[in-house]
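So the sequence lines, in the order shown, correspond to chains A and B. Residue numbering for the first sequence follows the numbering used here, starting at 1 and increasing by one per position. Residue numbering for the second sequence follows the numbering used here, starting at 1001 and increasing by one per position.
In case anyone wonders, no lab produced these hints; they're calculated from the structure. Note that the structure is predicted; figures quoted are calculated from it, not measured. A virtual CB, placed ideally from N, CA and C, is assigned to each residue, including glycine. Don't take each hint at face value.
Partial list, derived from the structure: chain A residues whose beta carbon lies under 10 angstroms from chain B [claimed, not checked]:
1. S28
2. G29
3. Q38
4. S41
5. Y46
6. G50
7. L51
8. A60
9. R68
10. T72
11. R91
12. Y97
13. G105
Take a look at the letters that make up each chain.
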Amino acid sequence: DAKTTQPTSMDCAEGRAANLPCNHSTISGNEYVYWYRQIHSQGPQYIIHGLKNNETNEMASLIITEDRKSSTLILPHATLRDTAVYYCIVRVAGASYDKVIFGPGTSLSVIP
Amino acid sequence: GAVVSQHPSRVICKSGTSVKIECRSLDFQATTMFWYRQFPKQSLMLMATSNEGSKATYEQGVEKDKFLINHASLTLSTLTVTSAHPEDSSFYICSAFGLNEQFFGPGTRLTVL
Chain A
1 DAKTTQPTSM DCAEGRAANL PCNHSTISGN EYVYWYRQIH SQGPQYIIHG
51 LKNNETNEMA SLIITEDRKS STLILPHATL RDTAVYYCIV RVAGASYDKV
101 IFGPGTSLSV IP
Chain B
1001 GAVVSQHPSR VICKSGTSVK IECRSLDFQA TTMFWYRQFP KQSLMLMATS
1051 NEGSKATYEQ GVEKDKFLIN HASLTLSTLT VTSAHPEDSS FYICSAFGLN
1101 EQFFGPGTRL TVL
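Bound-form chain B, shown alone (with noise of 0.2 angstroms):
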């Protein structure tokens, strides 16, 4: 079946600094890329739908300065955490609309120091 990889898996930062996370559609073309976050307990909450080659649409309620999303190409996209608080620290999951279906990834786990 089609694959979604994020990079990396875990990442460990300190307050202040921005963290970037790459999702990947391995073996198909994403028109459209899905971020999503999760606190401890609860469940996935969409923050953004990210188009290739447009700007991506954030949810309400999410910072849009705060979380950068980039759709460069039909097979990434990045979402990068700017000026990461502890706050921030969670498990963000990406997902990819191909083949008429969405697939997701299997996550990374932020932890802001």
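Chain A extracted, bound-state conformation (with noise of 0.2 angstroms):
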């Protein structure tokens, strides 16, 4: 089962930021927080992993809390092309024993 609870849906304006919040209350020490997204009929794509610091690159940001039981992936200026299917997930960093699994996500919809 998945390890993480997400809302089932959000609206965001064009060029607006995007927040999409994630609990992962039973998160264990070694476990570091992935999100991806998946863009209708494609594979999920990488978007940003982290284990207890904020995070950002080139796509989003990534907060997490202090007690790591919950994170908040924020996508600074979303567009159209940002409307998809959006994974919060909890593994173990670099263990390939360690499987991917998801959860419902959040369906992000970027409204012009």
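Two chains, two frames, some hints: make the complex.
Structure representation (structure tokens):
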């Protein structure tokens, strides 16, 4: 079973920041928070991951609470192409044995 | 970045026939590959874990005799859907573990008539 909970769906106005929350209250000390997204009829795309520090790359920022029980993915300026299902996953990094188990994710709709 | 390909991207077959889907890691060696299935409006469901040179490990409820997995090399895993039926119509996605990370393929759309 997935170890995270996310809202089923969210809307965001084009050009505004999209903030996608994720709860992972049972995360273990060696587990990272990963975010992927899936645009319709495509394979999942890696976005970002982190352990406890906030992370930023060219796609998004990841804010992890100090107790690591929740996190927020931020798309700073959402575009129509960011409309997708976003999956928050916790797993051990660099471990082939730790399977990526997908929950339902959050369906983000970016509205013109 | 690392690339994983799948072939074919879409396939239509008649009921009762077998279909083979290939998953390749193009620029890295993958010790482990995973196969997922996704029905419309649902999330990805892990079907099996494929390790090079050994038997695949199937998730609970997945029929190993129906979904044959072969991982003959460090860059290729194949999924064969045997005696396909319309209920096997789905989006099949593979992923490959390498370079300390997991990379996903673009998916294969299978339609069984």
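Problem - Non-conforming hints, listed in increasing numerical order - result: 1, 2, 6, 7, 8, 9 and 10
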